[in-house]
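Chain order of the listed sequences is A and B. End of the first sequence sits at 287 in my numbering; the numbers just go up one at a time, nothing left out. End of the second sequence sits at 287 in my numbering; the numbers just go up one at a time, nothing left out.
Simulated from the structure, these hints should not be mistaken for laboratory data. Don't take each hint at face value.
Said to hold, decoys possible - Under the rule of at most 27 Å between Cα atoms (straight-line distance), these lysine-lysine pairs were calculated in the DSSO-like manner:
{"no.": "1", "chain 1": "B", "residue 1": "Lys-268", "chain 2": "B", "residue 2": "Lys-219"}
{"no.": "2", "chain 1": "A", "residue 1": "Lys-206", "chain 2": "B", "residue 2": "Lys-116"}
{"no.": "3", "chain 1": "B", "residue 1": "Lys-241", "chain 2": "A", "residue 2": "Lys-241"}
{"no.": "4", "chain 1": "A", "residue 1": "Lys-116", "chain 2": "B", "residue 2": "Lys-206"}
{"no.": "5", "chain 1": "A", "residue 1": "Lys-12", "chain 2": "B", "residue 2": "Lys-125"}
{"no.": "6", "chain 1": "B", "residue 1": "Lys-241", "chain 2": "A", "residue 2": "Lys-116"}
{"no.": "7", "chain 1": "A", "residue 1": "Lys-241", "chain 2": "B", "residue 2": "Lys-116"}
{"no.": "8", "chain 1": "A", "residue 1": "Lys-173", "chain 2": "B", "residue 2": "Lys-249"}
{"no.": "9", "chain 1": "A", "residue 1": "Lys-238", "chain 2": "A", "residue 2": "Lys-206"}
The structure presented is a predicted model; accordingly, all values stated were derived computationally and were not measured.
There are 2 protein chains.
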Amino acid sequence: MNQLTVKNLVKKYRHTTVLDDISFTLEPAKIYGLLGRNGAGKTTLLNIISNRLFPTSGDVQIAGEDVNNNDALLSKIFLMSEVNLYPREMKINQTFDLADAAYGDFDYDLANRLLKTFELDGDAKVTNLSTGQRTASKIIVALAVNAEYVLLDEPILGLDANHREAFYQELVKTYQEKPRTFVLSTHLIEEIQQLVEHVLILDQHKIIVDDGLDSMLAKAYTISGPTKLVDDYVAGLKVLKTELMGNIKTTYIFDDLDDQRPIPDQVKINHYDLQHLFIYLTDGGEK
Amino acid sequence: MNQLTVKNLVKKYRHTTVLDDISFTLEPAKIYGLLGRNGAGKTTLLNIISNRLFPTSGDVQIAGEDVNNNDALLSKIFLMSEVNLYPREMKINQTFDLADAAYGDFDYDLANRLLKTFELDGDAKVTNLSTGQRTASKIIVALAVNAEYVLLDEPILGLDANHREAFYQELVKTYQEKPRTFVLSTHLIEEIQQLVEHVLILDQHKIIVDDGLDSMLAKAYTISGPTKLVDDYVAGLKVLKTELMGNIKTTYIFDDLDDQRPIPDQVKINHYDLQHLFIYLTDGGEK
Numbered sequence: 001m002n003q004l005t006v007k008n009l010v011k012k013y014r015h016t017t018v019l020d021d022i023s024f025t026l027e028p029a030k031i032y033g034l035l036g037r038n039g040a041g042k043t044t045l046l047n048i049i050s051n052r053l054f055p056t057s058g059d060v061q062i063a064g065e066d067v068n069n070n071d072a073l074l075s076k077i078f079l080m081s082e083v084n085l086y087p088r089e090m091k092i093n094q095t096f097d098l099a100d101a102a103y104g105d106f107d108y109d110l111a112n113r114l115l116k117t118f119e120l121d122g123d124a125k126v127t128n129l130s131t132g133q134r135t136a137s138k139i140i141v142a143l144a145v146n147a148e149y150v151l152l153d154e155p156i157l158g159l160d161a162n163h164r165e166a167f168y169q170e171l172v173k174t175y176q177e178k179p180r181t182f183v184l185s186t187h188l189i190e191e192i193q194q195l196v197e198h199v200l201i202l203d204q205h206k207i208i209v210d211d212g213l214d215s216m217l218a219k220a221y222t223i224s225g226p227t228k229l230v231d232d233y234v235a236g237l238k239v240l241k242t243e244l245m246g247n248i249k250t251t252y253i254f255d256d257l258d259d260q261r262p263i264p265d266q267v268k269i270n271h272y273d274l275q276h277l278f279i280y281l282t283d284g285g286e287k
Numbered sequence: 001m002n003q004l005t006v007k008n009l010v011k012k013y014r015h016t017t018v019l020d021d022i023s024f025t026l027e028p029a030k031i032y033g034l035l036g037r038n039g040a041g042k043t044t045l046l047n048i049i050s051n052r053l054f055p056t057s058g059d060v061q062i063a064g065e066d067v068n069n070n071d072a073l074l075s076k077i078f079l080m081s082e083v084n085l086y087p088r089e090m091k092i093n094q095t096f097d098l099a100d101a102a103y104g105d106f107d108y109d110l111a112n113r114l115l116k117t118f119e120l121d122g123d124a125k126v127t128n129l130s131t132g133q134r135t136a137s138k139i140i141v142a143l144a145v146n147a148e149y150v151l152l153d154e155p156i157l158g159l160d161a162n163h164r165e166a167f168y169q170e171l172v173k174t175y176q177e178k179p180r181t182f183v184l185s186t187h188l189i190e191e192i193q194q195l196v197e198h199v200l201i202l203d204q205h206k207i208i209v210d211d212g213l214d215s216m217l218a219k220a221y222t223i224s225g226p227t228k229l230v231d232d233y234v235a236g237l238k239v240l241k242t243e244l245m246g247n248i249k250t251t252y253i254f255d256d257l258d259d260q261r262p263i264p265d266q267v268k269i270n271h272y273d274l275q276h277l278f279i280y281l282t283d284g285g286e287k
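Make a model of the complete structure from these sequences and hints.
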């Protein structure tokens, strides 16, 4: 299996720049979280990677070759998107056949088992499904399709907590049995923190974070205590947010923690989670 | 302020029972979580309470009086729903005026501040908004409307993590300044656990839990350790789910924890969260 490389992607619509010189690499057999606020450009990026949209400039390569109009390479990339591309009369079972025809070796056993997990009838027409059921039917295709790069754009739309949990468990299971690359683009950051190994954050049309999850979380910690002591300690560190309650100041840091530095007794250090890190990084600084 | 009482509500459509003898009470000045799987009947229930739908039998009372067609009582109840009830050309600002006309004393100061929080233009037409923007515009009305009972049906649809966090913070703030009753119906259970004081769970068209959050969570704990010891300890307790890894058994309990009972050294007790409790309670037993 080969790397997928996104190189200097730019996408402009008249006066609007949606993607502004985006470069990153997707490694084989890894689970990525693609995070961004509404309107940051996530869907456009995924559409370009899967050749549904053309970039203004830049390209997407697998093993050094441009995927654009290269059917052999494009058959390694699958996109599950919010848009419903199926004809009106299509049944869920027929969407499996379509994925089999396009990508080969569709995992019908897995798909049929997942129909039961998500309480779906394979003979139901896709257009007659509720939002949650339609999402579930697309998840089944995305987990059973034979592709090395599976891109999931908002894969939890309309799912209740039980079906979201089932989706996360099935994703991990199929990934362990047959490692391939998944890119999860979702607003439910708290829930996917346990799944993703690497995080890409798209903000204001640029990639602002491209880092391993563990490495990111190690840099995300709060320093709290008496204002003076906290101010002294955090001098020179990147502070994302500050809270003051009486004389107790809490600062949210995103920076390397220096283990060698002595910490005053009254100062406490705690870690915080990916969702809050994301919010503070993309809120446009302190408010 | 007075209690709102739901009494023996039944709603049937031909051969389908959507609500099966539902009774509970909403206290003044309390935040409720109304939880249920897709199709459990939550939206129907909220529509009946706010008089948008008629029940097959049973009624909704405030201070012992039926709210049905009682304008004085209905003006105490506001429903924010997924359905868009506004005419095509309506601007966000005009939805504020509508809420003011219907309920009086609309909090325009709060609404105008929240327009900035959610990055909305008050002169924008509701039909031109994205899903997340439309949700935000409805949240503003729901937080600024002058009603004693504010029912929120899926109030986070399409919101990114930043705007969800802003919504939760603003809800707590307005609740503290002017206590009234909120009912939050949502699938994002993990996120609202910090907000709600009381939980109603609707499953298979019936209320299966009507309890304070703290009381519920006190009963939600895992017992894990060597199989034999765990089996002995949990005998007689309500077990929602069991996991086995080698000889280590983990059981998810929903029952009173007996502090007096000695716990074997090798057995560990941990609490688990509301979202998982909900999933295990509504998954139809062990799978």
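List of violated hint numbers, smallest to largest: 3
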